[in-house]
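A.B. asks: Chains as they are written, first to last, in numbering that gives the first Met the number 0: chain L, 0 to 335; chain G, 0 to 335; chain D, 0 to 335; chain B, 0 to 335.
Be a bit skeptical, because a hint or two may be false.
For chains that are exact copies, the list does not tell them apart, and a pair is met inside one copy or across any two.
In silico DSS-like pairs for lysine-lysine, Cα to Cα no more than 27 Å straight-line [what the hints assert, rightly or not]:
1. Lys79 x Lys28
2. Lys31 x Lys327
3. Lys314 x Lys28
4. Lys28 x Lys327
5. Lys327 x Lys63
6. Lys226 x Lys31
7. Lys323 x Lys63
8. Lys79 x Lys63
9. Lys79 x Lys31
10. Lys323 x Lys31
11. Lys79 x Lys226
12. Lys226 x Lys323
13. Lys327 x Lys226
Hint data in this document are derived by calculation from the structure and do not stem from the laboratory.
In this text, all values refer to a predicted model and were calculated from it rather than measured experimentally.
There are 4 protein chains.
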Amino acid sequence: MTRPLIFMDPFPRNEAMVYTPDCAAELAKLGKVITHWGSRASDDLVETHLADMTVLIGQTAMPKERLDRALNLRAIINVKANWEPNIDYGECHARGIHVLSAAPAMAPAVAEFCIAQAITLLRGLHRADPLFRSGNEAYGIAGNLQAKSLYGAEVAMIGYGNLGRALAPLLRPFGTRLMVHDPWLSDGFLRTEGLEPVSLEDALGRADVLFLLAGVTSENEGFLDRKFLETIRQDTTVVLASRAEIVDFDDFLDLAGSGAFRAAVDIYPQEPVPTDSDIRTTPNVLFSAHLAGGLNASYARIRDTMLDDIGQILKGLPPLRMQKADPKLASMMRSR
Amino acid sequence: MTRPLIFMDPFPRNEAMVYTPDCAAELAKLGKVITHWGSRASDDLVETHLADMTVLIGQTAMPKERLDRALNLRAIINVKANWEPNIDYGECHARGIHVLSAAPAMAPAVAEFCIAQAITLLRGLHRADPLFRSGNEAYGIAGNLQAKSLYGAEVAMIGYGNLGRALAPLLRPFGTRLMVHDPWLSDGFLRTEGLEPVSLEDALGRADVLFLLAGVTSENEGFLDRKFLETIRQDTTVVLASRAEIVDFDDFLDLAGSGAFRAAVDIYPQEPVPTDSDIRTTPNVLFSAHLAGGLNASYARIRDTMLDDIGQILKGLPPLRMQKADPKLASMMRSR
Amino acid sequence: MTRPLIFMDPFPRNEAMVYTPDCAAELAKLGKVITHWGSRASDDLVETHLADMTVLIGQTAMPKERLDRALNLRAIINVKANWEPNIDYGECHARGIHVLSAAPAMAPAVAEFCIAQAITLLRGLHRADPLFRSGNEAYGIAGNLQAKSLYGAEVAMIGYGNLGRALAPLLRPFGTRLMVHDPWLSDGFLRTEGLEPVSLEDALGRADVLFLLAGVTSENEGFLDRKFLETIRQDTTVVLASRAEIVDFDDFLDLAGSGAFRAAVDIYPQEPVPTDSDIRTTPNVLFSAHLAGGLNASYARIRDTMLDDIGQILKGLPPLRMQKADPKLASMMRSR
Amino acid sequence: MTRPLIFMDPFPRNEAMVYTPDCAAELAKLGKVITHWGSRASDDLVETHLADMTVLIGQTAMPKERLDRALNLRAIINVKANWEPNIDYGECHARGIHVLSAAPAMAPAVAEFCIAQAITLLRGLHRADPLFRSGNEAYGIAGNLQAKSLYGAEVAMIGYGNLGRALAPLLRPFGTRLMVHDPWLSDGFLRTEGLEPVSLEDALGRADVLFLLAGVTSENEGFLDRKFLETIRQDTTVVLASRAEIVDFDDFLDLAGSGAFRAAVDIYPQEPVPTDSDIRTTPNVLFSAHLAGGLNASYARIRDTMLDDIGQILKGLPPLRMQKADPKLASMMRSR
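Just chain L, same shape as in the assembly (with noise of 0.2 Å):
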């Protein structure tokens, strides 16, 4: 019996992350690997494996006239955790072909980061060691006459996919109310959830802490518009930790940085923000520089489930830890 053909093609990802010495060995059980390292794959490499390919780890593009001659496929794993626009999921999904994304194994990281900096913000953390390094420091209560606590706060979250999931858990004990607007997920989702559903207008006003976690689709570019983004009240924290594109982002940092609320930014409309982008100087806001996901941790939890899932689909068993691609969805959402 011919052994399966793992066809990894996972550019932007390099083998530290998801092809170390360990998942190599595990995939070798699995099949017969063949690797392309440092770039996407040329046409030619991939045509040359695609009538054998029976899983695909990476974004390779993947029209329907591949998928015509790729006869063996079962499942494509996306490594990158974005549905990116060169794949026809309309017919992976006739097909029975599994679409997969690693985007759970990089919500962990990204919930715990995303409640680092709420907290920070929320009490002043990030401001506390220049302070005191510069000896203007004032102690307890006086330190603290701008901080305020996560306990019972009133929290939302806009977007509710995979950061949602991961972040919900880490905010319940400390007893905040979870308010969500998500307009892809019926209110009586939501509610069994034990998530309030919400509309957009109550998000933004309603919020003491505000987590930003929609995905960018062709319909909601940009939606958290100067209108919206204006009604947010100026005590309100905002986590933007999902994708830049889903605010007006000069609107928000001009905001932010004038006081209309607190705000953390971790991701940008262009990557690397241009060194002398006028960005680096808002004041009021805390920034980094799109670290929330990306650490060893979260490749070695896509390592996991990815590992884990085709061998499910190697038995012919559904996948159980990555995302599913909705075949619709999926062809809405704005990679990068």
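Got chain L; can you put chains G, D and B on it based on the hints?
C.D. replies: This is chains G, D and B only, laid out in the frame that chain L set:
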């Protein structure tokens, strides 16, 4: 029927902390209230009311000779959250006078601060903003070479009192192993709390994240000396959260500053820290100025638990929410 | 714009179960509703509406030749909670027709029944009332010689589908170890659910409490045969909850009746059980008449999840609350 | 150094309950053990050891005149789990003698029994087996016309002591509203426990499931009289779990027997219940013979918590796991 006398002598707490208008109104329902602010009440003032006092709110000295004359006294409510040595705890116990501390009301705020400190150190959040602003940021995995996740970490708490009990539920959703070293608590008790009792050596040597949460007693002052601190692994994150006196502070900073471990410090042997103190220039430590517990949210909680328990006591019922002094252990504590 | 046609052919479900006035009103908001009750709809009736049907509620046969003509069909909602063999699941999948089952809505009721069966057997609650009424009771420990506690028990579930997922949270507060044997689920997945994957042999041999929750497929019918059942320890409590066909039923009753283990049985190879069946006189078994899932509360939940997911589908969004048919696995299931 | 004397006079507890070989070995490590079995120790025996006793395990009378001579006594460990009136609780407290009860160790077993009683009554599990054996069963919904689910029910507890604290976590996963009426507990405390404080009237009138968990004191004996019991709704399930004396027992059975509510009864005003008592023929009640707490698992837990807390006390540390007597409330309790 005479209304019970509630005598308030809560300095260094002030009216905004423990006698807001709402709180004053509630206390007035419970009894006749006499207050003194801005300093500790004079002996004369205390003596004037001693015989009538039913509830004492504050850290007023209560040696045996005073208790002998405080024949109506039923409760002493410490709102500073540390047991002071100026009370005869044994006599109070013998006379059935409840001695209570507001420490549990401070603990949630400290716990959320601790978890933010820990994730900040693990993920490098405190360095991210200055790096970004100065144009020295690295994105994603390149910026995360030192980053670690709290998920699945081995966590040890040295001391499991009010702080540990508030912190443990925040750690649970991260799936961390929770080890505790606390010589006042039996292994059986810790196990029923879902915690793993460990020796001090194991706590120091095995933890990925180490929370120093012990109180200071006449017996344990400085027990975490250089010899012990040197057994902490280099990749361990250490949060010093309860009292500076439990460590040899100079050695702690010396080791942390030289990269022996990652550390966050919120409390100091002397506060305010002298302007020219070397502490302020110690590299590699996340400092803050005793900000963990003392914010408005904590004082609101103090007022709430205090009113609740005074209500219970005046009905002849046991208090429920504040910490009860154990006569022996409270006598051993070293307050400041 | 034409309103979508919702065709209801839910026999053996009746109006009280899946078409109460509230539910009818909600469905009427979503589309034009045509219903048939009391039998399965005739071919003629189905054919009349086939071309217009957008949503089919019921267990109507849907082979490929019908699907070829059901060009508007977007969802098939099985409200009987078992996959039937009269649907071409692969074709439905390929065409993007959602095939959903109400099974998750039945699971909570079954789970609470299971936990009551288990504690009843462990604690002897079913014998207590007749013993008391006949004057043969023994009090306290004398009456509890055979009693065991669920707290800290080793629990195994054979099968971890809808039932197991509802049952596990009910077991958590008892501090039980939760072992699972389910050949469709990877060890990695089970571990992320906080469950311990075990072999069938270990599940049978180690459990103090054993829940038989597997579905019946063409491959596993009767897989728990006498040889396996004889490996169950005498002090094990066995709850047969999903389908009688997963065990060799005669051997199961023979062993349970002779005291090889404690057992509760709610489902039978043939229902109703013949009046003169030997089953009825089997000693030592706690019987009930397929009561675990089918009560009003479950049908209310079915209506709720069904309305929710039809709403999602008609908006072009993925369903969220009902179970999605896996084309291959659903085809293997053996319904009755 | 003299080893502490541990005097065991635990009747009606016997060796199998509180002095198994393992337990005896552990106690022997802690001190010199003197035991008396089969009856309460004679005054002579008690007097012989009174001066040396450090720990008393049992329900031996300890009035002030004895305490005056028990100068080494540091702990009295009640292993019967009800406070008895033969101890001067105030004197013990004043002298710093810990008075502890094993009640918390009994509570889990009672809680699991209660939840099984409640679901059994809600779902009719106790009737299902005799109906099936006699050929009178109805299947599925036809057999479930009276069945109700615990999920989402309104639950009230009258009394929130050891039993309620063990029961609440078992109820949480059912998503029930948890109301509590307990005049010894403040509303603020109950709310921090995630419970809703309600009046007795509301508890009785609103509950779908009502757990009667209060202890009996000199003040509340029979407080649930006919007038109150008549306010319980017909579809309410009532579990009488703590002490028969909190209700007017005749009226309770009269009402339950006539279908005024569903009821489970495990405890009786007199035990054993007289052979010819009318109680035994009361229809419509699920009886058991004081089986809820007293099984081997509970005695194992008693031994475990007792050893743990004696260890703490002999180290000069506060006990952690057993219940501490409140001098005033313990004095009010009515034991049997």
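A.B. asks: Confirm or reject each hint.
C.D. replies: Hint check:
1. Lys79 x Lys28: within (24 Å within a copy, 41 Å between copies)
2. Lys31 x Lys327: Between. Shortest inter-copy distance 25 Å satisfies the 27 Å Cα cut-off; intra-copy 32 Å does not.
3. Lys314 x Lys28: within (13 Å within a copy, 43 Å between copies)
4. Lys28 x Lys327: between (34 Å within a copy, 24 Å between copies)
5. Lys327 x Lys63: both (15 Å within a copy, 23 Å between copies)
6. Lys226 x Lys31: Classified as neither: same-chain Cα gap 54 Å, cross-chain 39 Å, threshold 27 Å.
7. Lys323 x Lys63: both (19 Å within a copy, 25 Å between copies)
8. Lys79 x Lys63: Answer is within: at 21 Å inside a copy they meet the 27 Å cutoff, but 37 Å across does not.
9. Lys79 x Lys31: Answer is within: at 22 Å inside a copy they meet the 27 Å cutoff, but 43 Å across does not.
10. Lys323 x Lys31: Cα proximity of Lys323 and Lys31: one copy only (24 Å, versus 32 Å across).
11. Lys79 x Lys226: neither (33 Å within a copy, 46 Å between copies)
12. Lys226 x Lys323: Close neither inside one copy (35 Å) nor across copies (40 Å); limit 27 Å.
13. Lys327 x Lys226: Neither: 29 Å inside a chain and 49 Å across chains, both beyond 27 Å.
Checked against the numbered hints given earlier, this structure breaks hints 6, 11, 12, 13; the rest are met.
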